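A.B. asks: Sequence:
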Amino acid sequence: MPITSARAFALLSSLGIGIACTDSGGSAETSSAQTDDGTGAGDGDGDSGDGDGDSGDGDGDGDSGDGDGDPGDGDPGDGDGDCEPIVLSSLEAFPTASGAGSIASGGRGGAVLHVTNLADSGPGSFRAAITATGPRTIVFDVSGRIDLESRIELIDVHSDLTIAGETAPEGGITIAGNTLLFAGGYDLPTLPTDNLIIRHTRFRNGSYTGEPDVYDHNCIISGGTDRFIFDHASFSFCDDQAISMISPWGPLQDGTVQRSIFSENATAIIFGLAEVYPADRISTLENLFVHQSHRTPNIGDGGRYDVINNVAFNWGGRLTNVNGASPEVNYVGNHLTAGDDSGANNKVQLGGGDHSPSIHTAYNYHSVLYPAPQLDDRGIWSDFWTNDPVADIYFTTTAHPLLPRTNVLDAQAARELVLADVGANAFVSDDGVPGRYLDDYDVERINDVVNEVSRDPFNKSWTQPVLPLNTRADGFYSSLPDIPAFFVEAHGIRSNADVIDEYSFGACTIVNAAGYSAFEMYLFFAAGDWDRLQG
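Under this note's numbering, the residue at position 159 of the sequence shown is numbered 159, and the numbers go up by one with no gaps.
Each hint should be verified, as a subset may be incorrect.
Unchecked claim - Capping the alpha-carbon separation at 20 Å, the derived lysine to any residue pairs in SDA-like fashion look like this: (1) K460 x D448; (2) K460 x A176; (3) K460 x V443; (4) K460 x G317; (5) K460 x D341; (6) K460 x G177; (7) K460 x G339; (8) K460 x G343; (9) K460 x E444; (10) K460 x D340; (11) K460 x D440; (12) K460 x D147; (13) K460 x G316; (14) K460 x R318.
Treat the hints as calculated values from the structure; they're not laboratory data.
Since we're looking at a predicted model, the values are computed, not measured.
Let the sequences and hints guide you as you build the complete structure.
C.D. replies: The following block contains the structure:
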C-alpha cells in the first residue's frame, strides 16, 4: 500500500519510533525524534551506538514496517501520554538544527515580511521579500507555486535571511521556473550572501532546454556563503545542480543540509570544487536521495565534512565524490540501496595533484557490497578515474570529531527516521492545528523507496504537481501582525520580541532557557520541532 500525504507521518508509529503530544491546546502529532534504545549519538567520536564503534543491530536488511513494502497501518496515536519537559538551553538556528549550520541565525530579530500572493514580482511577492535588505524572516499567507520569470540575484546586503515555509497554509510553497543565486556574480558585485535559514520550502525549477550547465536551470547557487542551513526542503527538476555552492567570492563554511529530498535533478549537491574553491565544516545529514544521478554530495577541499545517516535509492552514475586535496570526511551510517539504474559506488578523485583526503567510512548499509554494515567499509569507494580500489592511506578507522549537534544512528534506523519525516511537509491550519502535507510528487518518491520501484534518474519529462491554493483567513493575525491570534492568546504574547520562560502545549512543557523570541517559538511550533525533540 502506498504512503499518502497523511499516512507518511503514521510511519513513525508503525516503526515504533514514538509519539509526542504538541498543539496550541490539545492536538497530537507523531514524533521524528531519535530513539534512545541504543541507536543514539554515541560518545561524540563520530561512531554511533554505544561508543565502541558499534551501531544499532547492524542487520542492514533495508526493510521497514512489516516487511511487505508497506509502512504499516499503525495509528499515530492520540497524544494522551505525558510529555517530558523540553529544555531549550542554547540559541541555535532552531531547536532541531543539526551540524555545522546550526549556528546560523538567519533573520532573527529583524523584520517580518509577508508573502501574500503567488506573483513573480510586486508588493506582497516572494521576490519583493527576498530582495529586501537587512535581517528579515519571510512568512507565507498563501500556498501554491511561485513561478519565477527570471532568476533572483542576491548579494551581501541580502544576508541574514530566514525563509519560513512552514508558515504557509496547507499545500505549502514551491519555488519554480528559475534559480536563487546567493552570492553575486553575473553582473552584480561579487559579494556573498551569508547567514541563511531555509525551511519547509520546495524548489522545483523545471527549466530544461537540452543544453548542459545552464545556470538558470539550477535551484540554488552560491559563490560563497558563511553560515547556512536547509531543513526539510524538497529539490527536484533542477538541471544542472539542485544545490551548487562553491567559494569564488567568499568562504563557504558552517553549513548544513538536513531532512531534505533530492530527486530527478541532473545532479544533487556540490560543496566546494577541488582545491580551487574549498569549503569547510559542512554537514549533510538525514537526507533522501531518490532517482538522483550523482553528487550526493560532492565534497571539495579545505576542511571537515560529515555525510551521515542519509538514504539513497536508485542513484545513477555514482554517489559521493571526494574531489579535493585534503578534506577530512566522516561517511557514516548511510543507507544505500541500489536500483535498476544504479551504476558505480562512491568515488575519490585522486588524479592530477597532491591529494591526501582522510576518509572515515563506517557502518554504511550498501545493498550490494555491505548488506551487513561493518566498522570499516572502504570497499564502497573506488578511484574516480580508474575504478580501482582506493589506497588504504586515504582511510582512517578513527572517526574525525563530529561537527556540532550531530547524532549518529545505525543505517537501518536512519532509513526509518528519514522516510517518516523528510522534505517540505509542515503547515499550520487557520484554527491553529499544526499539520503535515507532502505534495503528490514527494509522496510518490517516498513510495518508490519503500517499495523499491526504480525510475530513470536522468528523466527530464517533469510535471509540476498540483497544489492546494489557500489564503489565510481574515483575522488570522488579529492580535499581532506576525503571530497568529491562537498562539498569541494561548501564551499571553504581547510582541514578536517577547521572551517567555515557559510554554505549555497540552501535556508538553517547553522551557525557554535559551531566550528565543515569541515569534521564533511560533515558527518552531509551526515546523513541528516539539514533536521531533520529544522521543
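A.B. asks: Looking back at the hints listed earlier, which ones does the structure fail to meet?
C.D. replies: none
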